[in-house]
Structure formats: structure tokens, C-alpha cells
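Undergrad: Please take these sequences and the hints and turn them into a complete structure.
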Amino acid sequence: MYTIVRKERLADVVTLLEVQASAIAAKARAGQFAIVRLREDTERIPLTLSDWGREAGTITIIFQHVGRSTHELALVEAGDAIRDVVGPLGKPTEVERFGTVVCIGGGIGVAELRPIARAMKEAGNTVISIIGARDKSLLILEDEMRAFSDELYVTTDNGSYGRRGFVSDVLRDLMAAGRKIDLVYAIGPVPMMRVIAEQTRPHGLRTLVSLDAIMVDGTGMCGACRVTVGGETRFTCVDGPDFDAHQVDWDELVARKKMYLAEEKETLARFHEANSGGCCS
Amino acid sequence: MKEIAGREPMPRQSPGIRRRNFEEVALGYSVEQAVGEAKRCLQCKKKPCMAGCPVEIDIPEFIRLIAEGKFAEAAAEIKKTNALPAICGRVCPQEDQCERVCVLAKRGEPVAVGRLERFAADWEAARSGTAGSSAAINAPPKDKIAKVAVIGSGPAGLTAAGELASLGYDVTIFEALHDPGGVLAYGIPEFRLPRAILSREIEYVKSLGVRIETNAIIGKLHTLRELLENGYSAIFIGTGAGLPQFMKIPGENLNGVYSANEFLTRVNLMKAYKYPEYPTPVKVGRSVAVIGAGNVAMDAARCSLRLGAEEVAIVYRRSRAEMPAREEEIENAEEEGVKFHLLTVPVRFIGDKNGFLKAMECVRMELGEPDESGRRRPVPIEGSEYIMEVDTAVVAIGQSPNPVVRQSEPDLATTKWGGIVVDEETSATSIPGIYAGGDAVTGAATVITAMGAGRKAAHAIDKYIRAKLGLEQRTGSAR
Numbered sequence: 001m002y003t004i005v006r007k008e009r010l011a012d013v014v015t016l017l018e019v020q021a022s023a024i025a026a027k028a029r030a031g032q033f034a035i036v037r038l039r040e041d042t043e044r045i046p047l048t049l050s051d052w053g054r055e056a057g058t059i060t061i062i063f064q065h066v067g068r069s070t071h072e073l074a075l076v077e078a079g080d081a082i083r084d085v086v087g088p089l090g091k092p093t094e095v096e097r098f099g100t101v102v103c104i105g106g107g108i109g110v111a112e113l114r115p116i117a118r119a120m121k122e123a124g125n126t127v128i129s130i131i132g133a134r135d136k137s138l139l140i141l142e143d144e145m146r147a148f149s150d151e152l153y154v155t156t157d158n159g160s161y162g163r164r165g166f167v168s169d170v171l172r173d174l175m176a177a178g179r180k181i182d183l184v185y186a187i188g189p190v191p192m193m194r195v196i197a198e199q200t201r202p203h204g205l206r207t208l209v210s211l212d213a214i215m216v217d218g219t220g221m222c223g224a225c226r227v228t229v230g231g232e233t234r235f236t237c238v239d240g241p242d243f244d245a246h247q248v249d250w251d252e253l254v255a256r257k258k259m260y261l262a263e264e265k266e267t268l269a270r271f272h273e274a275n276s277g278g279c280c281s
Numbered sequence: 001m002k003e004i005a006g007r008e009p010m011p012r013q014s015p016g017i018r019r020r021n022f023e024e025v026a027l028g029y030s031v032e033q034a035v036g037e038a039k040r041c042l043q044c045k046k047k048p049c050m051a052g053c054p055v056e057i058d059i060p061e062f063i064r065l066i067a068e069g070k071f072a073e074a075a076a077e078i079k080k081t082n083a084l085p086a087i088c089g090r091v092c093p094q095e096d097q098c099e100r101v102c103v104l105a106k107r108g109e110p111v112a113v114g115r116l117e118r119f120a121a122d123w124e125a126a127r128s129g130t131a132g133s134s135a136a137i138n139a140p141p142k143d144k145i146a147k148v149a150v151i152g153s154g155p156a157g158l159t160a161a162g163e164l165a166s167l168g169y170d171v172t173i174f175e176a177l178h179d180p181g182g183v184l185a186y187g188i189p190e191f192r193l194p195r196a197i198l199s200r201e202i203e204y205v206k207s208l209g210v211r212i213e214t215n216a217i218i219g220k221l222h223t224l225r226e227l228l229e230n231g232y233s234a235i236f237i238g239t240g241a242g243l244p245q246f247m248k249i250p251g252e253n254l255n256g257v258y259s260a261n262e263f264l265t266r267v268n269l270m271k272a273y274k275y276p277e278y279p280t281p282v283k284v285g286r287s288v289a290v291i292g293a294g295n296v297a298m299d300a301a302r303c304s305l306r307l308g309a310e311e312v313a314i315v316y317r318r319s320r321a322e323m324p325a326r327e328e329e330i331e332n333a334e335e336e337g338v339k340f341h342l343l344t345v346p347v348r349f350i351g352d353k354n355g356f357l358k359a360m361e362c363v364r365m366e367l368g369e370p371d372e373s374g375r376r377r378p379v380p381i382e383g384s385e386y387i388m389e390v391d392t393a394v395v396a397i398g399q400s401p402n403p404v405v406r407q408s409e410p411d412l413a414t415t416k417w418g419g420i421v422v423d424e425e426t427s428a429t430s431i432p433g434i435y436a437g438g439d440a441v442t443g444a445a446t447v448i449t450a451m452g453a454g455r456k457a458a459h460a461i462d463k464y465i466r467a468k469l470g471l472e473q474r475t476g477s478a479r
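First to last, the protein sequences are chains G and P.
According to my numbering, the first sequence is numbered sequentially starting from 1.
According to my numbering, the second sequence is numbered sequentially starting from 1.
No lab work stands behind these hints, which were simulated from the structure alone.
These figures come from a predicted structure and were not determined experimentally.
Some clues are possibly wrong.
Cross-link-like lysine-lysine pairs, in silico, DSS-like; alpha carbons within 27 Å at most [claimed, not checked]:
no. : chain 1 : residue 1 : chain 2 : residue 2
1   : P       : Lys-271   : P       : Lys-70
2   : G       : Lys-257   : P       : Lys-271
3   : G       : Lys-257   : P       : Lys-353
4   : G       : Lys-258   : P       : Lys-39
5   : P       : Lys-416   : P       : Lys-353
6   : G       : Lys-27    : G       : Lys-7
7   : P       : Lys-283   : G       : Lys-265
8   : G       : Lys-91    : P       : Lys-416
TA: Written out as C-alpha cells, the structure reads:
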């Protein structure tokens, strides 16, 4: 069992959990993820490691309440325990002194971007970060990102905070202004990562993305998370999650992520029904 | 010459009923049946069956004990060399091992060794209500010789761990998944190996003093070197064949095309057959094609029926004679209504506009000259392409060794296809103190072969540690 030492609601539908898992905390590196299973009768959910404390022996996961499993996970409190946490999984992000790195995070992707921006900064890069969300209420970790960034740009789709528009608008402007960029790292919703891939492709600007394919075991055993990259089938869990954005077959990824849409809706509806607190008389 | 009586038939759930439930298919011998079957054994002096057993159970001896009604003693006799008798009695291919060399097989049906092994194990468990530790005649010594790490809790790992614990070692198994058992937990379905039986056998291994750490993925959480530096005197790698192979044909990543590993993991480990009570889903359409004809393919086909598919077909490129699955499993599948499309191979998966599988293009084959495996090579018949409508396809053409451990340890010698290279005699890898066995070495094989490898490696590890510590070597057979 893995005890929750801190819980924080970062936004309406975004929860942070700091979990006691010292062995994972000792090994975690930027870009890696963990798989958590709340109880015996719940799913295995892959979640990127947003932070870790080697001395405290804790890992931090941040997730948006999307389906039944994440809604359920959001109900636990500090002091409760999670049945299973396995990690660190996946290959760490390639971090070296590239020069100037643009780190782009959309929505919940910002949680996953934090350790990457930090590692890029620690490796001596100039870090330009662009973070965005649909609405101000969904924007997370602005202060943390500012701490690891030489420049930070914030966007919201509706203009409720920061610049109105998309993270890709900022990247476009940076590129138009002739800023020297050596690497773009993007993590967020697939449409966002895809737009960025198309922006940088004509310039041959190296772009890495972190993919969140559907997974079961996360150890290379099942192949649920296969993606086509450069015409070859790769497993997101053991070959990724980072891949060259220009090589990813985005259409296939979009289709595969929708494989269980009907089941996701059904289990979520059942969850809401069971937790609606059915008022008595 | 006297006519030999046939073997006692195994009572089974009838096909019409079992094809829609996950209860165990084979129901096991009654006491009368077991004693009757045991009395068929000729008690040969030369014991060819024992030589046919990868873990060298004294088969005539345990069968004699059953014939005499000494069931607990029979179970104890088996457990001298096999910590997992209830599992082996169910899933071992006895027809290729002990039963194949049975003297009775020359003139009729061999003694049903597997069924008797299962009977003894189940009888003992039913009496003791536990893992049967009352029969743990291998009770481990109190003072431990040294610490040994075992990577993976499948058949190879459990056997190596049990054996090492009995030899006096302090053993910890590291398992990457949330439940122990490896392929026994994620791969083999409940109707062939009930989870209660698996838990019971794992409890038995624990009762020998073995600790099991789940959620511990070696190569990521700890490296092999770190284990050696942190007090473990030796390591056994039994990480299995956990990397699915695909056909590399167009459309293989469409929704609805599963690897057998994923399909079975969803059903068995994640209990998708209890969806939505268990929320991990599996998509089984009206029509399912399983590609391949090994035991894994039969498991996937039979699960598909139980999950409500109307039509389930095994699609196999060779003929019936070459199917690698156990005859018993092929018969079970056939009785339950699985169809066999033999000498057929898919060349392309076809999807709808949303990326879901709707059909496969197949080509018919004919058998040509024998290939390097000695089996006649299937050759496509020109112009024989046709379209087969399917909603779900399960690719069950084999598994390669899991890559996580070897990726973390560049000094660990492996073959081109990822198998760990070991010394055949000792199971030693290229790194001193590290041993390996089972599917991680051989690629996908059988439970009992993996157990044999685990047992052999355990004794080699014992020898290695004794030499290192300057202890006297054990006398007698090394195995």
C-alpha cells in the first residue's frame, strides 16, 4: 500500500496527490510515469510523474478527472492509501545542453512538463516555457513553471488569463521573430501536439512529444500502447513515451485513443449514479 | 497378451454449458477414479516417466501411494521436487513428457499422470484448507545461507524461489505486476487454471519462506547491479516472454486487433470478463478471428466464446497436424464451437472510417517442402485471396523475451531475438552471480520447461554461493 501524504485540488477538475513511494522517488527521472491502481477492482492508470522528493521518499502525480478511474482517485484523502503504484516506467526524456529549449504544456500536460523544464534548466539550457489552458480556472503550476523558465508565456483559449489564444500562437510568434530554438518539447492534448508538430516540421526544428496511448501493464508485455512512429510500430510504454513529433502517425493515435470511448462513458455514468448520493425521501 | 484397460476419463463440464462460463472445464478425479487409474501403473523399475519429467518427480512412487489410498503422502512425494503440483497437473503437456514415455503407451493409453498429480494436490489442499504446508517436508532451515533475488513470479521464478528457500536461502521475488504468478496470472484463463488454485500454490511457496514484492519492476526500480551491491549474493532472472510479436501486415494497429497478451491480460489479470464490476474493458465483437494455433491461441479463442462472440475462428497457416497446441486444448476448443480455418493466413486488416477492424484479407496456403523445423512449409496459393469479416482479431503468433531487464544491463549477453544467453549446464548468464531460465531464455515455451529451468538454476546458484562462501558442496545429485 502507498500512503497519500498530501492532497491538493489544483483546479476544478484537477487533483494533486503526493504519495509515499520511496523506491520510485529515488529513481524517478523527468519524462517517466507510474501506473497506479487504487483498489483491487479498479483500473491501472498511467500517470506522468510530476515531481518527486528523494529525501521525503514521495512522488507527485497530478491528474484531470476524466473517466471513472480518475474521478475515483480524486475522492481519496491524505492518509488514505493506494493499493498499487509501479514505476518509474518509460524512458526518461533525453536531457542535455541543447541551447534554447521551448517547453510547451497544454492543460494537464503542464503537470508533466514541470520536471522536464526543470531538468532542461539544470542541464544549462535557456528554457522558454509556454503553458496554456482552456480557461483560467484550469491553468496549473504557473509559479512552479516560472521558477524553471527564463521566459514564461501563458495563454487561455478564452482570454480569461494571459494571452488569448493557443500555446501554438506563441510558438509561431517566437519562430516568426527569428528566435534561435534548438529543441521544442510539447506535452498536452493530441490536437495541440499535432499542431506544434506541423508548425516546426517545415523548419526541420527538432520536436519531441510525450504520448499518452492507452496502456494496461506498462512494461512492454501487452502492446496496447502501440503507436506508429517513422513507419514502425513502437510501444509507448517501453520505447517512449517521448517520440519525434514529426514521425508520429497522429491519425492512428487519435483513433486508438477512442477505442473504448463507449465503455469510458458507460463506466463513468455508473460511477456518477453510484456517487450521486441519491437523496432520501 | 492381456488387453490393457483404457484410462479413467476426466469428468468435464459439458461443452454447451462451459462455452459461456469461466468455471473450470476439467472437474478432477473422484477418489475411486484416482485409485482406479493409479492401479493401472505397472510400477516399472526403470521409471522412464521420471526421466520424461523436467522436474524429475518420482512418478511411480506417488502413483503407488495414491493406489494405496495414501493421498497426503502422494502429495508430499510430488512436492519433494515440484512446488506447484496443482498447476502442473492442469497445464503441463504430459502427453509430450512423462505420459509419452509411459510403457503402457506402447500398447494402449498411458497412465494419466497429470490427472493423478492434480488429484493428489487438490486432495491435500481440500484437507488442509491451506497451501498444504503440513506436507512441507522441505521445511526450510532457520539460519539462512545468503540472500537471493528472483526476478519474476511466473513458473520459472516460483520454482527457483521455492527450491532456493528449501535449500536454506533468504529469497525475495520481485514481480513487476500487481499480482504474482506471471503468465499463470495474466495469460492462462480461469477455466483452465482457477485463480484460487494459483493463489494456493503461491501461498505454498511463501510458506517455504519466500517473500514476494509486487509492483517492483527490475531494470527500472532497481538494476541487477544494485541488487548484487545491496546484499543479494545471486540473482535468478525469470522474466518470461512478455513482448508480443505481430505479423507486421497493414492495418495491424486498427482498433479491434489485439495481441494475445493484451487480450488475455485484460480478461484474466484485469478481470474484464466481470466488466463493468471490474472497469477494465475488452472488446469482443460478434465475430472473432484468432491468428495462430498454440495453447495461447486456444485460450484466446475460448475466452472469446465465453465473452459472447457468436463466431470464433482459429486462423492458422499450416494444417491441423502442425498445430502446436495440446491435443486436449484443441479438442476442448472444437467441442465448444471454435472453427478452424487451416492453411490460411491474413495478409491485411481492413478498417472502417473510424479505425475499427471490420475484415481481414486472407490467402490460402498449401504445404510445400519441409522447412528447417522439419514441418512442411506453407506456400501461398496464387489468386486465392478472400475477405473474411471479423470484428475482433487476436494475434497469437508468439512472444519474445521481455526487454526491460536487458535494456538496463548492457553487459547481459542476449541473442538477436532478445533471449538471455546462458550456459546450458548451469543456467549462468554472462554476468557472474546472475542466472536465468524459462521463456526469458528460450522464448515462449511451456510452464513445466520453465519450472525445470528454475529448478536447475536454483541448484547451480546454491553451488555458486557455497563455492563463494567457502562452504562444503552438497553431496548427491546436483538436481
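Undergrad: It remains to establish, for every hint, whether it holds in the given structure.
TA: Do the hints match the structure? See the list:
no., hint, result
1, P:Lys-271 x P:Lys-70, "violated (38 Å)"
2, G:Lys-257 x P:Lys-271, "holds (21 Å)"
3, G:Lys-257 x P:Lys-353, "holds (15 Å)"
4, G:Lys-258 x P:Lys-39, "violated (59 Å)"
5, P:Lys-416 x P:Lys-353, "violated (38 Å)"
6, G:Lys-27 x G:Lys-7, "holds (22 Å)"
7, P:Lys-283 x G:Lys-265, "holds (15 Å)"
8, G:Lys-91 x P:Lys-416, "holds (22 Å)"
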